[in-house]
Each structure stands twice: as structure tokens, then as C-alpha cells.
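There are 4 protein chains.
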Amino acid sequence: MALKTPEEYKASLSSMRPNVYKFGELIKDVTTHQSTRYTVEGHARIFQAQNEDEHREIYTTTSHLTGEPISRYLSIFRSPEDMIANSKMKRLTFQLTGTCTGGRCAGWTAMNALFASTWDIDDAEGTEYHQRFLEWLKDAQARDITMAGALTDPKGDRTLAPHQQADPDMNLHIVERHDDGGVTVRGAKVMICGVAAANELVVMPGSAYGPDDADWCVAFAIPRDAEGITIIEARHPSDDREAGCSCDDDFDLPVKGGGITQAYILFDDVRVPAERVFMRGEWKYTRNSIMYFIGPYRAAIGACVAGQGDVMRGAAALMARANGLDEKVFTEKLNQMAINNETTFGMGIASAVMGKQHPSGAWLCDPLLSNVNKIHVARLPYETKVLAQDIAGGVAETGCMPSYVDFTDEGYGELLQKYMGAAVDGETRVRIARLVEWLTIGAGVPGCMHGGGSPDGAKMFIRMFSDLNGDMERAKDLAGIDKDVPKPEKKKRN
Amino acid sequence: MALKTPEEYKASLSSMRPNVYKFGELIKDVTTHQSTRYTVEGHARIFQAQNEDEHREIYTTTSHLTGEPISRYLSIFRSPEDMIANSKMKRLTFQLTGTCTGGRCAGWTAMNALFASTWDIDDAEGTEYHQRFLEWLKDAQARDITMAGALTDPKGDRTLAPHQQADPDMNLHIVERHDDGGVTVRGAKVMICGVAAANELVVMPGSAYGPDDADWCVAFAIPRDAEGITIIEARHPSDDREAGCSCDDDFDLPVKGGGITQAYILFDDVRVPAERVFMRGEWKYTRNSIMYFIGPYRAAIGACVAGQGDVMRGAAALMARANGLDEKVFTEKLNQMAINNETTFGMGIASAVMGKQHPSGAWLCDPLLSNVNKIHVARLPYETKVLAQDIAGGVAETGCMPSYVDFTDEGYGELLQKYMGAAVDGETRVRIARLVEWLTIGAGVPGCMHGGGSPDGAKMFIRMFSDLNGDMERAKDLAGIDKDVPKPEKKKRN
Amino acid sequence: MALKTPEEYKASLSSMRPNVYKFGELIKDVTTHQSTRYTVEGHARIFQAQNEDEHREIYTTTSHLTGEPISRYLSIFRSPEDMIANSKMKRLTFQLTGTCTGGRCAGWTAMNALFASTWDIDDAEGTEYHQRFLEWLKDAQARDITMAGALTDPKGDRTLAPHQQADPDMNLHIVERHDDGGVTVRGAKVMICGVAAANELVVMPGSAYGPDDADWCVAFAIPRDAEGITIIEARHPSDDREAGCSCDDDFDLPVKGGGITQAYILFDDVRVPAERVFMRGEWKYTRNSIMYFIGPYRAAIGACVAGQGDVMRGAAALMARANGLDEKVFTEKLNQMAINNETTFGMGIASAVMGKQHPSGAWLCDPLLSNVNKIHVARLPYETKVLAQDIAGGVAETGCMPSYVDFTDEGYGELLQKYMGAAVDGETRVRIARLVEWLTIGAGVPGCMHGGGSPDGAKMFIRMFSDLNGDMERAKDLAGIDKDVPKPEKKKRN
Amino acid sequence: MALKTPEEYKASLSSMRPNVYKFGELIKDVTTHQSTRYTVEGHARIFQAQNEDEHREIYTTTSHLTGEPISRYLSIFRSPEDMIANSKMKRLTFQLTGTCTGGRCAGWTAMNALFASTWDIDDAEGTEYHQRFLEWLKDAQARDITMAGALTDPKGDRTLAPHQQADPDMNLHIVERHDDGGVTVRGAKVMICGVAAANELVVMPGSAYGPDDADWCVAFAIPRDAEGITIIEARHPSDDREAGCSCDDDFDLPVKGGGITQAYILFDDVRVPAERVFMRGEWKYTRNSIMYFIGPYRAAIGACVAGQGDVMRGAAALMARANGLDEKVFTEKLNQMAINNETTFGMGIASAVMGKQHPSGAWLCDPLLSNVNKIHVARLPYETKVLAQDIAGGVAETGCMPSYVDFTDEGYGELLQKYMGAAVDGETRVRIARLVEWLTIGAGVPGCMHGGGSPDGAKMFIRMFSDLNGDMERAKDLAGIDKDVPKPEKKKRN
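Protein chains in written order, with my numbering: chain Z, 1 to 494; chain L, 1 to 494; chain V, 1 to 494; chain W, 1 to 494.
Everything labelled a hint here was simulated from the structure, so no lab data went into it. All the given hints hold, so there is nothing to weed out.
Where chains are identical, the list cannot tell them apart; a pair therefore holds if satisfied intra-copy or between any two copies.
Computed cross-link-like contacts, DSS-like style, restricted to lysine-lysine with a CA-CA straight-line distance of at most 25 Å:
hint : residue 1 : residue 2
1    : Lys155    : Lys490
2    : Lys328    : Lys491
3    : Lys483    : Lys155
4    : Lys28     : Lys256
Given the sequences, and given the hints that come with them, work out the whole structure.
Here it is as C-alpha cells:
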């Protein structure tokens, strides 16, 4: 059966080899350890949704390989409608979980990029990566796995190519090519979301590479607990709320799906069998594989950001009420939050619709619009957070409330509860304020700025894909200028 | 033949009864008088385009009524694709003309609103407006007419309804209902674009009306030169460039399609025959007819604004070159201009795609997204203008150049030409600078703020169509709050 | 001797009665307990500075009461120069400490507000508060105390006045007036900065009160450890870094002055002796006492915010270098950070200079300019944070680095250090990234939005102090309008 | 008598040699010709003000050379108070005139720059420019002259220095040095404000020059009508309103001080006598003379911009009333306008106060703060204009009203007046709307972006004067980093 229940999902994680560490400690079972169980719960919510009548349509689709019902997170984008559904699902998922379920979206997008890239390589090189990929995918769909996407290398000196680094490990690389088509790899992938909640990792190059970087060009899928893989989870602001959560009611951790997790994945001579290798030195195709990734990623991330904003907007309006104010007082600000949310959502839709089909059948989003959306994603949610804090008041802005432990203290707890109350009781008001804090300055703040690449990188694409020469030609025509207006040659002022 | 040439279009205007005034003077022939011939040229460019192989696909389509090829400006929006084509055409039209061709887009949108509204009225009231409308439309398509849309009434006291005004004429109204179904109307429509270049006017109510306003609820199409109609063209900044244009080369008027025209149309007991009347007192349907208008209008206007921005971007980059600078110096600013352009374009696309079908077959854009786009349209082009002026330098910012007459003066003209030169000759540089001036502070600045309704009005719709209650519910769920958080009751502080 | 050393300062804290709690635990000695010792260190840096030749001039001044050298934090603002020195000191203090030393600035400003208010009351009512205040101040200067300012009440239902609250304790109030002029008070002050590091509390009303609120109008100074006072420290994002700091080198806590502290202060029938009581029911003077507070507070807070921005700017530029990039790449962004910093700094200077003298000798900042500055303070630092994150990259944006404990793990620590390295070694890079995280999304983010009052409150003052009627008159004159243009009367649309 | 009346001022202009052209026509008398008389009226308002009790204190001061009362526009800035008075006067002047009185402020500032520069040159070179300058100044004060400041050269290729230009005339230069210390100059100064209303021109280099540019380094004061000077006035948007003004009541020209004038001044071998020459080849001092100019200019321009904003704010609020709306509806927008106004005003005050004394006695504004203000001046007034248009509605946005001639037409004029009416009569409403148009998109829009230099130039100074190295050092200290974090060396990626 291709659609797991939350319990089956968790069981699949529990049975894996422990290789995740945090604060120096090996986590025996990610589904129960306090540092990881919350993010597992967040991801489990998706498995619940795909089994709910209300949400099945958005969370599942039909495999174009097998005709079977599958998780949408394991499907190939083949039309604008697929991308629109992607956006809708991302927005809804944040609304349902209140947190980043990063063990799904980056892996899904990377998988789609490899779908198209393996087709390209086979088409040009006569290799058989695409068929191999489809076999793996069919199996992944059948197993209904969760897979994190791993692109970002440590990179070392950002101004140098992989082969120029003092230490070759600064980008994940092939240390041995096996005769059967397999590889052994070494290095790391860093700041990878949702790893603790994932069954597998989809690994691909993080940048466009040149001919001397062939050994660094490697893509594959691998179980998260494969031999040689060690994972260390990063420490974030407020993530101690999970670790120190004193009981199920502890509202210092307002979102039961927990905070965002980002892992450092160390590959210590990890062997990848041939049937899971999707690139092995074909550096020429890295430029496009990156483009295949960022197109849908930057389109649909706007919907996730919209979902974040929806929750902040609801929380801010609730906080207004809790403070005794009709939310109408804040109409202008709540409207601006809606404008921000709809803008990142809408631009993703536009990018999907204005895209085009790849010969493999993959749907490629419009690169100009998706990169413009990346710029909005790197600015508008910050404004939305500021507005949420503006509406919610000082108590939410810096989260300056007594801890749950103090709030329930036998001595002074009752007084604190009394003084936290306003138009609603103290506990309710603190729960809302903690949610605002969590989303705007705590562990619940997703990486909108650099996640999926930096805004400065997006600007390079905007420059590339916008038609400045055409704009100049049209302006010349309108101004009645016949002659050439050339780019001035460089001169030396003295 | 349904697709006129520019010459046929102009001939159709020349043969009309003169009823357009400016500066106290009756304009005998709008195609030759210096105050109107430029806007006629701008509109004529569209007739040229529909006969060009390169542009025919975008400027023409197939009538769903007759199966004949028609101007797209006379078609009904029946799918997202129709709306996307609308957006593409609007962007291209501004690129080709450098000015507002307002005699087409508002009339087209009003016509589409009446397509759906007449269906609604007939469906509920058993009337026969829709069929009547279709007959008129078929004929309009066959004649390939240009029609301005007229919604805005003088309004008088904005806080009162039409029937409450001291003077009933402050909103266009029915003074007599004729037995044959015709009407006689009195009042005015004001600030109407492209009237001098139009064959007909499509008139409809400018606001939602109540039962006491039935006499003010009237929609119809009418020849621009019908008996009783008097038109006075408004005076804008820089529109003297047209009136005083000294010769064809006069670059003080940089855009040969001329400036934006906006007219005051006086209706002095104008008789409208039954077959051209599309609403006659059915006040209940005004709310929806307005919604049918603003949906596609606010979606597609973003594409027009994008076209404006494309021209400004090209002109600014040209000006950089003319000043001796590589446009790369201004990459950040040129990127921001592209971001602004793509945002208003893209949000319109999203609004189209997320829309839905009306039972009449009309396609209704998503109201939340189209109103969000209105907000962007009311802000981003201003930033684009500021960036254009920032890049182009002081000479363009305030247009502080000698007049064409001085520039060609026998005495000092040569010196002025010399001193205006930089990396290009003086004339070329002035032509570019005048284009920037024209688009950013002269007669070429379109009314992005209030055209098609005010941004504050759009915010009311955003509040209405965004789901704040849902956002609050989801935030409550996430925060683990079971109890109600009601809107606080109003209390009196003392 | 009026200028304490850091050691003397800490000794003064150690000798106080323990009454500060966090996480349910009573803190025995605030100078050594892990939850409070860092903020004490931050405040101690000021005592060090006032004893350094380099900084003495800015940190000390001459008492206008005694002619003795005193801490500037215990002086009265009596000229624009005093306010400029205030701004300079605030900016420098953030640069030196990297954190909020809230145990000084709010108390200082409250003290200044009481200086003027006690004069007003005595002048009108014939009381003797001012002399009493001066006696206390002389003593405070001689003892070189640190005092937190406590204005914010729990407030309960924000739409009701204190006397209307269901529970009178929702605002601090007098429960008994003693014959000798002393009072007994009950209630709380909440979200008070720097309490753990303070010797005394300066308490005054948090809003303007009416006649029925006389019992809530009470101002006084009191030792932080007076009988009946219980303090609970709030829990913030990242403040576990202090609690769990594993050793002196632990760079997860990048700022050795620690995070911002905000306390809930419970007053359980606390007796204040007459010589420390500065308001006792004189509700008429609360409106002005608030104005006396927000004037200098909102002027000078801009300098603190500038200091925050200076540190973020330096940290962002360092991070660029650590990533291998010349900071010149980010000139536009670094410039914008400087613009933001200088704007909040400069507007405070302008507010000081355009102020006027109070009859008591106090200097009152210009209320329009100081409230405009509040608006900037509530927006610009957020943009500065966004820019810091934009420059610094993903690792700083969400602080997604392994913990210090993992970083120094015997097994995988070395690999993590290697992979964190770029143009500099891994530890150095992490130290910088943690600083950016700390200042932009961790425990080091000061409450710029609502600290010292909300921006919406400031806007009410801007409306009040800006001369809209005068602006309208001048516009009328210019437009050549003689007649009245009255405010329209309210009508009912129907 | 040193303080002229308006009549004396106009008489001084009438008696000058006619050398101003516009539209190919030589203007016989600038005080009566329709193209220049309005700007003369604007400047005359200042002469009126200096003779009014209400305004004398701000418009006059005491000559530090003679102790006589003089126009403030002829005084030397010698203290922060002088600069504050400068700011106050600039703001008030815009409020009184509604237009740019550019014949005063740039000349005044240039004169101040030369005061300090001549001192510098004499001090280092043993020349006697300063005494010569003081003699001229005393005389100028006694004659109470109006003088335009002329810095901007045509420049030609902006990437090359003056001596590198193909044509040496592209920057004003010395063609002959006379034995008596006089010079003959050739070239042009372009886009110079207020020339037609000025008695003299204060001319100085527009950029910092190098040793090979010595012949281009020339500064002097000269009567506007000196032999060899020819002036052509630039054509702006809407300046036809002046030329075609049909009568004194014609409200198409809402501001009786007229629009901004900017002139092209041609110097055709103009002889300047020794006693009026203030730089003659001393290129080393051009860098500082520019700094001496932009310091006070960029500080005080913010006050002029504030005055502009005050008028827009008043006009927008009036328009709200005219439309039937209480201005309270627009409180948020009106507040933002006030914030913008006070920001450019306040930053200028701060720049003045944080400045320092030059050895000559001149007061030098803080360069960092004055350049930050330039950035605000290049952005905030645009937002203010957008807000004015947002509040005022479509009629003001594009100025789409019938001309005065149509409005008073015998046939349809009455109907137009009726339909323009709302809460006030039609004429009053149009007068206000024309004022908004004039200030936001017509001839009344001052050059805030590039006037006094470009914002990009200001950013170079911000980079220079802000202490990034210091910021990095402090960040390092806080982060506990001992080692060097050097600027990365440039490497080649391959």
C-alpha cells in the first residue's frame, strides 16, 4: 500500500540505524528523543492528511509511472496544474503544522530536477540514468518514503571552484568509481532541513561545475542511515523549548510540530550502489540541473511563505482580541499581511503558468518570474513578521513572558497568570503570544532569505532572463532614435 | 471585413460629428487637430498591429459568436488563456505605443462586465438584455469599432448616494423610460480615457447602487457623436507639447502616440434606443457588474504597467549609455525595475489562473489576487519612475532642457546641441531624456493610482476576500487553544 | 566616592536580599547565577568605562546639585548638550556591550521625568515633592546606584481605565496612604528591563490617568529587594545559551554581556517611606509626566538602535570576509545599514536641539521629532537586521550551526570545524555567525518596536504635534482660495 | 539701505541688459514677460518677507563684517544656530511661495563655500583671495543682491576629466589669465536654478579636479547680464501654464510664484575682473570647496523638501474635505507625510549640530549626516507625492481637469463647474486639485533627486565617512575574536 499512516511512517524511522547527534549525544530513536520527536510529529501530520478525506485530494495524486495513488511529494511535476497543486499543498501544510516540513519539499524538488537531468544526460550521452531513476522512483513511491534534499556543500572559499579548494572535501566528491557504476563519496552536505524526519537523502550538486570539477559532480539517493553517514543537528534560537519541554501542555513550545531542523551530514567514504547513482561526473549538466531545481523551488516556496504569513496574520489578530482590541483597529496592517502573503503565493502561480514543458515531460517554471518571487520571499515575510509584532504588542515582540515552569509555580504562578490576563485569561493570552514569538523571533522562523539560494543569486538570474536589450530597442523606437547607442567603451580618467 | 486598417479606422473617426472641445475650441476633425491627432495615431498603431504577421496572433482572436477573426479588443474573456492573452497584449501595446490607448481597454472590460451582468439579469428577471447585448456585440465586431468605457460619474458629495445628491445630475441618470425599451439620460461621465479616439462609448454604473438609486442604474453603448453628447478634453501637464509641436521632428513630444487623454462627457438628455440599452433600473445587479469589471481590469492593468516599466527601464539604460556609463553600473536599480514590472504582470496572470467560470461562459478573475495587484499597481510604478529618474540624471528628472525651438535656434542652437552632448550627440541624448521626462513627470504618466478605482477601495475588497477568520482558527489550533477568543465588546473608557 | 568600580558594583548586588526567580528557582546571587550573571557583566562594563580615561568624559558628568563628578546615568538633562551626550553614550554602550543595559536607561529617564513632574506638582499644589526628590537624587548620585525604570502595568483590559478594571491590581495602586506621607502599594510592573542588575527601581505611572484613577497614581524609588517585592525573569529565545553555557569559550553565547532581561515585578503590599514617594494621587500630572518620559526616551533610543546597527554592520562585513568575499560586494547594503543607523541617531539629536527648557531647569526634547524618531526606531532596525542576514548568508540567518558541544566533540568535532571553515578557520567563522544570529534572531534582539511605548501611540502624538491646520491654511493661500473649506459634516448614506 | 523692498528688487532686474531667451525669443524685461515674471514674483516674496515684522527675524541677520542688518541669504554660516536658521527659512520660504526660489539658496551656499575655500588657499598659498572675497561680499550685502549659484558644467563624457574631453568647453575654463588677476572664461553652466530672477551669478567648479585640470578651476561672481553671457531657459512639464496664463484668476497656474526655472548659461569669452575672481587655477582646493558646498546644501535642502511636503500635506487634506471626506480618514497617510517632512528637516538639523568650525570661522556641517539626508531627500518626497495623489483622488493624480478656458466657456463652462463640485464648489475644488497636480506632477516639482548632486554620489561619501573598520573591530571584540580577519585576496575561479 503506497499511502502510509503516521504510525507506519514513524515505525519506518524507528527501525533505522541511529546516526543523528545533537549536543554531543547520539539519538537512539528520532521518534521519541526530545530533540527530534517534534519535527517527526510535524512530518507525521502530512501522513495523517493524506489519509483524511478532507485533504486527500491535495496530498495525493496518481503516479504517472504506475497509475497508483501516491503521495504528491513523490510525484513528478508535469503540468502547470501539478505546480499549482504543489503551491496549494505547501501553503496548507504550513497552516496545518505551523512549521517547516523540510524533509519533504527540498527532496521532492531535487528528485524532479534529477528526473529532467537524467533524461538530458541520457539523450546526449547515451547513458541509462533516466531509466535507473524511474526504477528507484517507482520503488520510492511504493514505499511512500520521506526524503530530504541535500544540495548545499560546505564550499570552503566561496571564490574558488571545488577542484581549487585547499581541501577537496569542501564539496562532496567521488573518491572512487566502481566498475558496476557505483561510487564512493566523501565530504559533507550542510544546513539540510528535515533530515531527522527523513528515510532517504536525495543528493545532487549545489552549483554549476566546470570540467575540472567532474569528480565533484555526483547525484544519488541514499538511505539516511547508510554506513558512513553521520548527522549532527544544528542549534537554533529557542530550540531548547523542545529539549526542555516539561509536559504536553508546556506552551513555551507552541507548535507541536516543533522548530525547523537543519543538519550537517558527514559522508565518510560512503558507498552508493549503481542503481541509486544519477550523475557520476557529467559536469556539463550541472548548470541545468540547478536550474531545474530552483525553478519550481522558488515558485512554490512563495506558497509556503504565504502559509507562514497566514498563521502570523491569524495569530496577530487573535492577540489583538486577547489584548481587548477589535482586530479592525489593525485593518491596514492585516491587509498588508494579506497582500504580502498573496504576492508570494501569486507570483509562484504565475511562474508555473508561464512555464514550458521539458522533453522528458517535466514542467519547467518560468525562470524570470520564479527568481522575482525569490526576491519577494527574501523580503516580504520579514515585513509580515514586523507587522505581526507591531499588532501583537511588546509581550510577543521579544517573547518576554515567564516560562511555563514559572507560570505554574506553586508560589507566584497564580499571580503571574492573573497579571498576564487581559480580555482573555492569562494562559490563553500567553499561548497566542508565544506563537507570535515562535514564528517571528524563535525556533519557528524559517530561512526565507537564503533557503534554496540567496537573493543576490536570484538577481543574477533576473538580469539574465529580463530583456534589457529589447527594452532599450523599444525605447529607442519610441524616442525616434535611428542610430546606434552603443555601450560606452571603458576609458581611464586621469 | 472585421479587421480594419489604420486608414479605415481614421476614416471612421473623420466622418463623425464634431463634438470634442479643448481650450474652448471645437475640434473639427480629431484625426488632424493637433490636440487629438497624436492619441488617434496611438490607437491607430493597434490597427496596424492587427494587420502585421508578427502581431496578428496577439491582437486578433476568433469570435465565439460568429467564428470570424476579430480584434481581441472586441472579444469575450472565456478562459484563463483569454485573460493571459489580454495581459500580453496590454504589455505589448504600451511597448509599441509608449502611451495609454485608453479608447480600448476600459471599453473592452466594461463590455465584458455587461456580458455577464445581462446574463444575470435575464436569468433572474426574465428580461432579454443578454441577447440584445450579443446582437450589438456581433455588429460591433463586424464594424471593428473602438470604444471607450465610461463608468466614473462626477459623484458630487462622495458620502451620499446618487438619490441623495442635491443635484440629481451628479450621477448619470434616466430622465425618461421610453415604451420601446429605450431611455433618455442626463448627467456626465468624467475623466474618461481615449474618448477622442473612440467610435462608441460603453456606459455603465460606476458604483453599487441601492433601491432608491434605480433611476441612476443605466448601461448602454452609444456612438461617441450621438446627439446631446458634448465632450471636453482635460488639460494635463505637458500636453502643450502636442498643441505646440513645431514639426515632425520636434522631440519635445517624444512619443508619437501622444499623451494620455481624459475627457469630460456631458449627456444633455441623450436618447438611447432600446437595442443599445443593457441595464435600465436593475440596481440589484450593479454590485456584481462592478465586480465583473474590476476583476479583469485590475488583473490586466498590471501588464500595462509592466509595459510602461519596460519602456522606462529601456530608456533609463539608454540614458546611462548616453551619459557615458555602462548600464551595469545600475544593475541593482535595473533589476528592481524588472522586479516591479514582473510583479504587476505576474499577479495579473495569477489572478486569471485562479479565477472561475461564470454561468454565461465569462471568465471571472480571482478577486483577492486582482485587488492585491491593484495595490501593487498603485505603488510599484512610482518606484520604477523614481529609479528611472535616479539612473537618468538631473536633466531627465525635471526635463530641464531647452525647447526644440531653442535647440534649433539659428543663433545659440548649435552651442546648446554641443553642450547637451555626452557619449552621444546632443540630439540623441535629449531625445532619450525627453522620453524619461515624458514617462515620469510629463504628459505620458498614466493614472496608475486611481485609474479603475482607488487603492483604498481595493483594500476593502482585500479585507472582504481574505480569510481572516480562517487564519485565526488555524492559529488557535496551532497554539493549542480550545476556547473561544471572541471579538471584544465595545466598552467606554472613563 | 561617587564612581564605583565594577567590583564595587557587583558587591552592591551580591549583598542584596535574593528575590529574583527564573525557571522556578530563587537566584541566590545574581552576580554568579548563570541566568543573571551575564547581564550583570554587561552592566558592569559601564562601571569599567566610567573609570577608563578613554571613556570617562562620556560616562561621567558633574552633578548640578553637588558639583561632584557623577555617573551620567544619574544626572539631570538640562541642555541640548546633555541630551547629545546621552545619545552618544547610548550608542557607545551598545557598541561596548553588544547588549541592552536596560538597568540604566529607563530608570535614568524616569528619574528625569520625575524631576520635572515633582516641580510641576509643587508649583501648582504647594507640595514638597521636588525637594524630597532632590535629596533622594543626591544620595543616589553619592551611592552611584543602578536603577531600573518601571512604568508598564499589566493593564488588564486595555480599553478600560485602571479604576474600571475587574481587578484593581491590574495597575499598580496605593492600598494605604500613611500619615507620614508614605504609601503601601500593590500590583505589578511587567516586562521591566535590567532588573536583576539594578539596585533600585524608579516606579511611575505608565499612562495618563483621570480623576477616578487617583489611587493608581503613584511614583517612587525603592530598593529592588524591598520587602514584598518578588521578581520573575522572562524567558526569551536563545536565553538557554546563558543557562547552558558550557565554559567561558562557549561561542553559542557570543556576547558576554548576555541577552536582554525583562522581569515581572510583583508588589505585594510594599511599604514605601515618605522620603521616597514622588507622586501620591496627583493624577492631573500624569499626562505630563508621561510626556517628560517619552520625549528624551524616544529621542535617545535612536542612538541605542544606531549602536545595535553599528555592531550588526560590523558583524555582517566580517562575515562577508569570513565567507571569502570583499565587503565591497555589499557596499549598497552596508551603506543602507549606515543610513538607518545615522537616521535614528540624527533624529534624536534634532529632537534634543529643537527642544526647550522646563521651568525646573529640565530640558524637554521636541515632541514631534522624538515621536517621529520612535517610528523610525520601530522600522529601520528591522531592515538593518534583514540586511545583516542577507549579507551574512544562510548559516547566520537561522543560526543553523552545530552547538559548541558538538563543535568540540571528540568524535566528529574536528570534521565540523573543518567544514565550517571558509576564508577563515571554522571557529572564527562560527563566532561571527553566532553574533549575527544573536543580534538578529536570538536573545540579543532588543525590543525596538514596543519598548518605551508602541509606534501606534507615537503616531497619535505625531498627529497631535504636527500642524495640519496650518498646512491647510498655507495650501489655501497658495491656491488662491479665500473661502472656508470646512470639515464636512457627517451624513448618512442610504 | 541693505534691505530692499520687492519693488526695488524688481527695479534692479528691469534695469539689466536683456540676455535671457526662451522658445527662441529674447525676453526684454524679466519682470513682465510671461515666461519669467512668475519666478520673479516668487523671489520678490522674500523681499516682502524681510520687510514684514512677522518674518524679519528669520529672513534677516546681522552682517559679521559690518554689523549692519542684512538679508540672511547674504550671510556667512558661522554656528549651528546659523544653519538651523537656514533650515527654518528654507522651510518657511517654500510654505510662503509654493515654489523653488533657486535664485537664492544655491548662490548663498556657493558663496559660503568660497568664504572657506578662499581662506584655505590664502593660508597655504599666501594669496589674497579671502580679503577680496570679503570686499565683494560687503558690497553684495549693501546692495542686497539676489545671486544664483552655478556649479554644474555640461561635463561631456562623464568618465573623463575636463582636460581629457574632446572639446575643452565641456567644462567652464579659463581661456586667458590677465596680468591684473582677472580672467577670461569660456564654456557653460547648465540647469541653473533661478537665473532669470538673479542679479549676479556665483560660479565655482562643479567637481574635484586634478593638476591637469588647473585651467578649469575657476570661481568668481559676475553680474548675470555681463557681456558674453547668454541664457536660455529650459522647458519643463506644465510651464506653458505661465506662458498661456489667460488672466490673473487662471487657476491652471495655481502658484503665483510660478514653476521652477533652470537655465543654460553660455559663457562666450566672458571677462571677469580681478576683484571678482576667487579661484584661478588652484585645483588642489576644489575637493574641499565641493565639500564646503555640499555639507550645508545637503543639510538644509531637507528643510526645503519639508516645506514642499507641508504644502502637499495641507493640499491633500483640503482635497479630502473638498471631496466630502473628513481628513481623519487619511490619518495614517497624513502622518506618514509628516514623518517624511520631519525626517528631512530633522536630519539637516542634526547635521548642523554635529558639525565643526572651520578656521575661517565658517561652520561645517557633519558630512556623514548631511549625505545621509541627501539620500532621504532623494526618496521621501517621492513617497510624499504618492501619498498626496493617493489622498487627493484621480482628478489630482494626473491633473485631468478641463482648462481654465473651458471652465469659463460661455457654452459648457457652467456645466463643467457644476460637475467639478463636491463638498465645495467646483472652482474651489479645481484650485486645490491643480495645486496637488502642480506639486506632484507639474511644473512645481522640484528636482529633489539630483539637485545639488546625485544620491549615488552621496552614497560614496556615506561609505567614506561611516566607520566600517571601526564597526568590524567592535564586532570582533564582542564575538571574542583575537585574530585578524583580513580582506580576502582576489583569486581567480576556474
